[in-house]
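Asks: We have chain A already, so just place chain B on it with the hints.
Protein chains: 2
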Amino acid sequence: MKKTQPNEVSPALLAYLQGFISDDRKVRFEEVLAERTRHITCVLENIVDAHNANAVIRTCECFGIQDVHVIENEHRFKAAKKVLQGAHKWLSIFKYKETESKSMDCIRALKAKGYKIVATSPHAGSIDIHELELNQPLALVMGQENIGISEVVKAEADVFVKIPMQGFTESLNISVAAAILLQEISSRLRRIETDNWKLSEIEKDEIRKEWTLKNIYRNELLIERFYQDQKNV
Amino acid sequence: MKKTQPNEVSPALLAYLQGFISDDRKVRFEEVLAERTRHITCVLENIVDAHNANAVIRTCECFGIQDVHVIENEHRFKAAKKVLQGAHKWLSIFKYKETESKSMDCIRALKAKGYKIVATSPHAGSIDIHELELNQPLALVMGQENIGISEVVKAEADVFVKIPMQGFTESLNISVAAAILLQEISSRLRRIETDNWKLSEIEKDEIRKEWTLKNIYRNELLIERFYQDQKNV
Numbered sequence: 002m003k004k005t006q007p008n009e010v011s012p013a014l015l016a017y018l019q020g021f022i023s024d025d026r027k028v029r030f031e032e033v034l035a036e037r038t039r040h041i042t043c044v045l046e047n048i049v050d051a052h053n054a055n056a057v058i059r060t061c062e063c064f065g066i067q068d069v070h071v072i073e074n075e076h077r078f079k080a081a082k083k084v085l086q087g088a089h090k091w092l093s094i095f096k097y098k099e100t101e102s103k104s105m106d107c108i109r110a111l112k113a114k115g116y117k118i119v120a121t122s123p124h125a126g127s128i129d130i131h132e133l134e135l136n137q138p139l140a141l142v143m144g145q146e147n148i149g150i151s152e153v154v155k156a157e158a159d160v161f162v163k164i165p166m167q168g169f170t171e172s173l174n175i176s177v178a179a180a181i182l183l184q185e186i187s188s189r190l191r192r193i194e195t196d197n198w199k200l201s202e203i204e205k206d207e208i209r210k211e212w213t214l215k216n217i218y219r220n221e222l223l224i225e226r227f228y229q230d231q232k233n234v
Numbered sequence: 002m003k004k005t006q007p008n009e010v011s012p013a014l015l016a017y018l019q020g021f022i023s024d025d026r027k028v029r030f031e032e033v034l035a036e037r038t039r040h041i042t043c044v045l046e047n048i049v050d051a052h053n054a055n056a057v058i059r060t061c062e063c064f065g066i067q068d069v070h071v072i073e074n075e076h077r078f079k080a081a082k083k084v085l086q087g088a089h090k091w092l093s094i095f096k097y098k099e100t101e102s103k104s105m106d107c108i109r110a111l112k113a114k115g116y117k118i119v120a121t122s123p124h125a126g127s128i129d130i131h132e133l134e135l136n137q138p139l140a141l142v143m144g145q146e147n148i149g150i151s152e153v154v155k156a157e158a159d160v161f162v163k164i165p166m167q168g169f170t171e172s173l174n175i176s177v178a179a180a181i182l183l184q185e186i187s188s189r190l191r192r193i194e195t196d197n198w199k200l201s202e203i204e205k206d207e208i209r210k211e212w213t214l215k216n217i218y219r220n221e222l223l224i225e226r227f228y229q230d231q232k233n234v
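So the sequence lines, in the order shown, correspond to chains A and B. All the letters of the first sequence, read from the start, carry residue numbers 2 to 234 under my numbering. All the letters of the second sequence, read from the start, carry residue numbers 2 to 234 under my numbering.
It is possible that part of the hints are untrue.
All copies of an identical chain are treated as equivalent in the list; a pair is satisfied when it fits inside any one copy or across any two copies.
Claimed, not checked - Cut-off 25 Å, straight-line C-alpha distance, at most; resulting in silico cross-link-like pairs (DSS-like, lysine-lysine):
(1) 83 to 205
(2) 103 to 215
(3) 163 to 215
(4) 163 to 83
(5) 82 to 163
(6) 27 to 199
(7) 117 to 232
Note that these hints are calculated values from the structure, not bench results.
Next comes chain A alone, as it looks inside the complex:
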């Protein structure tokens, strides 16, 4: 049976399916949706260590960041269940792996949507994370463990940020750096008076449908019954 996509779910089907989800769960859906944002997104470029990539995805979910972009140049993303703790199923994960110019495809897609490309770099000329302006949507790119971001991202970045450090060690672990950045930016964003970081009602509706489908085990049986009942009316 063909898997039903969120955009195929009518309001009537949504209402029917939500009848099979507990009230507590539905309340939780709305609470989380109210705090969800696409104003910040995270890009993982060619991350080697599965622990790192998965930990970043979990962090995004924890801080209400809906979209994660995964560029797989040489290194394919592998899910690590123990690290993820189910976080991925609540997110929109976009993968770039088909073409030669994966990093450029991702950057162009994000710029077309109005994102400012933010790269992390400990070097001179980078601004402190606290100075990063939040008025425009931000795509935070985390580069590969040892070599950092690619030349493509370096050339296309609109701004470079750094986390102030005081030790001998030159860089933080990547999942740690991403977490500090995402927490700082997202908590600052939530303290801003405007609501332009929140999802639109259309976006919320689409995600609500996706979550509803994912939350019901073997939803295809219920969907079949729904269409059957409709015919019989």
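Replies: Frame of chain A; chain B shown alone:
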């Protein structure tokens, strides 16, 4: 040959050994020492995943936190070089593994030194990290991945803190949570006007000696020559 300990290094021997360290390196020692703190310390209680424990140690070094306490109840700490990036050699790492009551030994030792025990907990009654007062030395305890802090730490903790979150996932990865807490607390501490978080000159001197010894490959040969030269004067 017996390994020389920092407290056996006289001022004359220190000066002699520092003659074999580049000026740039010595300047860096002093810069890092000036930012080092024992006002915050981190306790790792029985962490299972080597990646997590090592990432926390690296984070401590990056944020100038000198002391890390490692309680090894069932799980022994294993160094992971790729994650550590050499960070451990600049830190004072205290291990608790000999007695039956490892967690209690660690907590008692910290309380005797005037530390407030800070445990992380996402539950009600925990204060937000931004509300944590910094006037007293703080020992931040990170508990085991799935079960969290032990009953001993729960009973002995002076305060419980949480990181505000907005998703479905109930907890952050432990290396991520530690990093957010350590970065927030240490950067706030550095903005305070008083200097009581800095190391004393005696503490700096001891660490300077330790770093000097560690920075010279086969220092025992130079130390032998130093004592030989002294005799021949």
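Asks: Enumerate the violated hints, using their earlier numbering and listing them in ascending order.
Replies: When the structure is compared with the hints, numbers 1, 2, 3 and 7 turn out to be violated.
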